[in-house]
Amino acid sequence: MKVLGSMLRDLRTERGVGLQAAAEVVRGSRSKNSRLERGESPPKHHDVMDLLRASGVREPATLATVEDLLRKTDENPGGTATPTSPPAGCAA
1 MKVLGSMLRD LRTERGVGLQ AAAEVVRGSR SKNSRLERGE SPPKHHDVMD LLRASGVREP
61 ATLATVEDLL RKTDENPGGT ATPTSPPAGC AA
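The UniProt record's numbering numbers the first residue of the sequence shown as 1 and each following residue consecutively.
Just so you know, the hints here were simulated from the structure itself, not pulled from any lab data. Treat the hints with care, as some may be off.
Claimed, not checked - Cross-link-like lysine to any residue pairs, in silico, SDA-like; alpha carbons within 20 Å at most:
1) Lys44 <-> Leu70
2) Lys44 <-> Arg27
3) Lys2 <-> Arg38
4) Lys2 <-> Asp68
5) Lys2 <-> Glu75
6) Lys72 <-> Ser41
7) Lys2 <-> Ala64
8) Lys32 <-> Asp10
9) Lys2 <-> Glu40
10) Lys2 <-> Ala23
11) Lys72 <-> Gly39
12) Lys32 <-> Asp47
13) Lys72 <-> Met49
14) Lys32 <-> Ser55
15) Lys2 <-> Arg71
16) Lys32 <-> Ala21
17) Lys2 <-> Glu14
18) Lys44 <-> Gly28
19) Lys2 <-> Gly39
20) Lys2 <-> Lys32
21) Lys32 <-> Met49
22) Lys44 <-> Glu75
23) Lys72 <-> His46
24) Lys2 <-> His45
25) Lys2 <-> Ser31
26) Lys44 <-> Ser31
27) Lys72 <-> His45
28) Lys32 <-> Ser6
29) Lys2 <-> Asp47
30) Lys72 <-> Ser6
31) Lys44 <-> Thr62
32) Lys2 <-> Arg30
33) Lys44 <-> Leu19
34) Lys2 <-> Leu70
35) Lys2 <-> Met49
36) Lys44 <-> Glu24
37) Lys44 <-> Arg30
38) Lys2 <-> Asp50
39) Lys44 <-> Ala21
Construct the entire structure; sequences and hints are all you get.
Right under this line is the structure:
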């Protein structure tokens with residue numbers, strides 16, 4: 001979860017989306033989004049996809065990596081799944 005959260009934070013900040021704006025996208029609070037980005041709460045697929053859309057993420061490689069991390073998180077809740085190759089420009 002931490003790798004996915006870190007990747008989401010990097011994508012959000014690289015694209016200039018603030019924590020409050022991201023929280024509004026997922027119909028939650030800044031603290032909820034912050035916990036998601038720190039890997040402290042399990043990600044919900046629809047929240048992650050909403051965050052990606054709000055951040056303008058459309059690159060197929062990035063979307064595929066996020067989907068893979070979501071799947072691994074579902075298979076191993078609380079685990080630290082790592083992508084085999086993060087998309088360019090992401091410090092996952």
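Query - Structure versus earlier hints - violations, ascending order - result: none
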